[in-house]
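Trainee: One letter stands for each residue in the lines below.
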Amino acid sequence: MDVLLQQLFNGLTVGSVYSLVALGLTLVYGILHIPNFAHGALYMVGGYITLMSMALMGVPYFIGIAISIVVVGTLAMLMERLVFNPLRHAPPIHDKIAAIGILLFLETLVQLVWGADYRAMPTPFADTISFLGITVTWQRIMIIVAAVVVMILLQLFLKKTMVGAAIVAMSQNREGAFLVGINANKVAMLTFFVSGALAAIAASIASPINLVYPGMGHLVILKAFVIIIIGGMGSVPGAIIGGYILGLTESLGATFISAAYSDLIAFVLLVVILTMKPQGLFAQKGAH
Amino acid sequence: MQGLKKMRMPLIFLLVALLFPLFTDNQYYIYVVTLAFIYAIAVYGMNLVGGYTGQLSLAHAGFFAIGAYALGLLTVDANVPYWLAFFLALVITTVIGTLVGLIALRTKEHFFAIYTLCVGYIIYLIIYEWDALTGGVRGLIGIESPAAIGPITFDTGISNYYLILVFLVLTVIFMKFLTESIVGRTYVAIRNSEELAQTIGINTMKQKLISFVISTFLAGLAGALYASFVRFIGPDISYTMMTFDFLMYAIVGGFGTLFGPVVGTLLIVILTQSLQFMEDFRMIIFGPLLVLLVIFYPRGIVGGYQMWKMKRAYKKKQRSVDQGSTYEGGD
Amino acid sequence: MLIETKGLTKRFGGLVAVNDVEIGIEKGKITAIIGPNGAGKSTLFNLISGYHPSSEGSITFKGEDITKKRSFNIAKLGIARTFQTTNLFETATVMDNVIVGHRLRTKSNVFDAVFRTPRLRREEQASREKAAEVLEFVGLEHEAHRLVQDISQEAKKRVAFALALATDPEIVFLDEPAAGINPDETENLAALIRKMIDRGLTVCLIEHKMQMIMGLADHIVVLNYGKKIAEGTPEEIQTNEEVIEAYLGGGDKHAEAE
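Protein chains in written order, with this note's numbering: chain P, 1 to 288; chain B, 1 to 331; chain X, 1 to 258.
Mixed in with the good hints, there may be bad ones.
Beta-carbon label-pair distances, calculated as ranges [as the list claims (entries may be wrong)]: (1) R121(X) to P10(B): 20 to 26 Å; (2) I12(B) to R146(X): 47 to 53 Å; (3) T239(X) to F157(P): 52 to 58 Å; (4) Q149(X) to R81(P): 23 to 29 Å; (5) G13(X) to K317(B): 25 to 31 Å; (6) L267(B) to R121(X): 55 to 61 Å; (7) I12(B) to K29(X): 57 to 63 Å; (8) E133(X) to H89(P): 48 to 54 Å.
Examples of chain P residues lying across from chain B (beta carbon under 10 Å, computed) [to be verified]: (9) I100; (10) A126; (11) I129; (12) G133; (13) T135; (14) A184; (15) N185; (16) M233; (17) L264; (18) P278.
These are calculated hints, taken from the structure and not from any lab test.
Glycine is no exception: its CB is placed at the ideal position from the N, C-alpha and C atoms.
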């Protein structure tokens, strides 16, 4: 029973991180129809910026996260301006190739500057706490709480602010949004900023329990893709729910099936889903 | 004569490739160029399904690795004679390719790219984790060199160089005949617009599958050659980064062009190997290059050259037509 | 009737795009399908050409039921179509774009291609000749070796026609052929459509340019909200109360961009 509870708790932590990453990915997809393969690199850079702010500038953890949000958000915005915007009329294959180019660049750059070592990120939440017969670190509790807070803030932003409403409107109809006077360029940049910020937060809260290294984004991004396919490409609630489902399935799978293959669960899930439903689980129906 | 003139550049290229080992004693150079030839064969596969048919398959390194591991396991563990193992490796890769293609190709565009990316990762994970079969992270060592064919042996770097050159030339000829035929036109029609291709009577699913299977065959061929040339393989050759490398060679050379893969692969492999410091950090340059190419120059080197030649030929023709009419006016 | 539909219905989720439509297309005639935006015209084309499966109803071609056939098989039967956007391969020549149109009449496979079998050579020759023939038919023989990106919008429309004709069709469906071109060019395109009829083809088209339709069509079918509300000769349609109501009441009269 304790094992199960412990694993459920771990699943919730991992799921929180997945959800945040998938949210950024799904927002960008919803608005620009770009599967941003470079999103995992944003996640990785997010981890490094927080870590290095703490290590080099000696700032506290939360200030490090704030710096990371600004840096990665801006980086994502630059990506939109310099790369995806010029490619908006190009064949869809070009977006993907460009995203791969960015991913390769960022990863190598980080490796060049900070090396390929695995690094641990210190956290003020390293102490453990016991309850209900399980022992967890405060960091894990922080992850769960932080993720929920961020999701609520995001919802408020999308529902209650003008720019947020514009993002939602544009994800439903780009041309239409343009007609009613929404500045599509600004919305696109903002969406990328938010997506980068989410990746930075996710990486910063996950790094103390994982590690920081140049390849840390690979698996996360692949899984985030699986999540948004399960949850519906462009769907915000789908990304959140999908993230938790995957996190829980994985930690249960690791315990009860095989730890070595737990990373496979997501991909097997994806292969099964796309095999049965080639357009994804919640394909948008339309007369087009 | 016309045909010969058109093939002048490739023939010069081939001549240089044939003579190259005679002008260098440096085994390392020969090794690097041979490796580039092997990669080029794999890139041809990626180029066929991605560049011609327009389906970005990101599982390519996975199939390369399946070819390599099949050959390695058959020769090392099962003691199957080399050329039989070689043949079986191709069969195995192609069969797996067909199965994957049947399912993967039901998805389109972004879904296809994500799907194949995940298939590639599954292949990597299996190779990495299935220790008992693949040797896991330690990899497979002691794979034998290609067995002698009659009196010709392949135990030296130079003999391997020529063997692999033969396979590369065969691949190029195969691709030339395929892509320049009406069959190849079918693939381009699908890349251009699947919708339109269907309405002109093309069974797009079937054609995409055929081109996907050929691409996995070429990946498997390259993988098998790689295994017996390098004689050591590890899970890294199936990793996504390898696929991205292949993709980059194709884009730089010219995606959807006949000679793009060989030009792009040779150029980048030789460049990175000769500038040793670039080995680990080559993507600092090539990452942005990839982005710049798809924004400003999506045809790559070979495609750009072809376009330039085509425009020039057309202008020349126009000019002669114009001149013709001025002369008339002058009379 | 060359093509007949009975009770043809297409639903997308809750939306009924085509609702119980019955039409007949007569051989050797020009049938036009008109209606306000969102009336289901393009969906009807997509159903007949097999691009979407229908929800209910049947489609027959020369008496043969083709309701369940997929688009590439429908093309093989001799039903060709064009799209609103020409979808051509812009950086290839006009000729290269059209040659593949005859592919469905060929049998060559990868093996033939790689070994350059006599069958492949014969079929390539046939495809090339076919392309030259249809390009001449649409009046583009002099543009054959130009890149599609370098030719005019009207010429692109003609290339799309040529591509459809290269499939050796009996009937051609044209989806808004005159969209985005000027009145003079529209007149030229209308002449080309008449020329197709003179060669024994049957044409069915969707068009918003009423002047063109009224001068060109033998028979007009009017759709509104997915339902057929009228059909008849141009004269009958022009005086039909319900049609006038649909066009004026819908307020969509000038909305040409779909």
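Trainee: Let's test the interface hint: is any C-beta of chain B closer than 10 Å to that of I129(P)?
Mentor: violated, 34 Å
Trainee: Should the interface hint for M233(P) be scored as holding, given a Cβ-Cβ cut-off of 10 Å against chain B?
Mentor: Hint on M233(P): holds, closest Cβ of chain B at ~8 Å, below 10 Å.
Trainee: Has the hinted range 25 to 31 Å been met by the Cβ atoms of G13(X) and K317(B)?
Mentor: Since the Cβ atoms of G13(X) and K317(B) sit about 54 Å apart, the hinted range of 25 to 31 Å is violated.
Trainee: Does the nearest C-beta of chain B fall within a distance shorter than 10 Å of the C-beta of G133(P)?
Mentor: violated, 32 Å
Trainee: Could you tell me whether the CB distance from T239(X) to F157(P) stays inside 52 to 58 Å?
Mentor: holds, 57 Å
Trainee: Hint says 20 to 26 Å; check whether the CB-CB distance for R121(X) and P10(B) agrees.
Mentor: holds, 22 Å
Trainee: Does the Cβ distance between Q149(X) and R81(P) fall inside 23 to 29 Å?
Mentor: holds, 27 Å
Trainee: Verify the CB-CB distance for E133(X) and H89(P) against the hinted window 48 to 54 Å.
Mentor: violated, 34 Å
Trainee: Is the gap between the beta carbons of L267(B) and R121(X) within 55 to 61 Å?
Mentor: At roughly 35 Å between Cβ atoms, R121(X) and L267(B) fall outside 55 to 61 Å, so the hint is violated.
Trainee: For the hint on A184(P), does the least C-beta distance to chain B fall short of 10 Å?
Mentor: violated, 19 Å
Trainee: Cβ-Cβ distance between I12(B) and K29(X): within 57 to 63 Å?
Mentor: Given a distance of about 60 Å, which is inside 57 to 63 Å, the answer is holds.
Trainee: The hint names N185(P) as touching chain B; please verify it with the least Cβ-Cβ distance against 10 Å.
Mentor: N185(P) check fails; min Cβ-Cβ to chain B is 17 Å, beyond 10 Å.
Comparing the model with each earlier hint shows violations of hints 2, 5, 6, 8, 10, 11, 12, 13, 14, 15; every other hint is respected.
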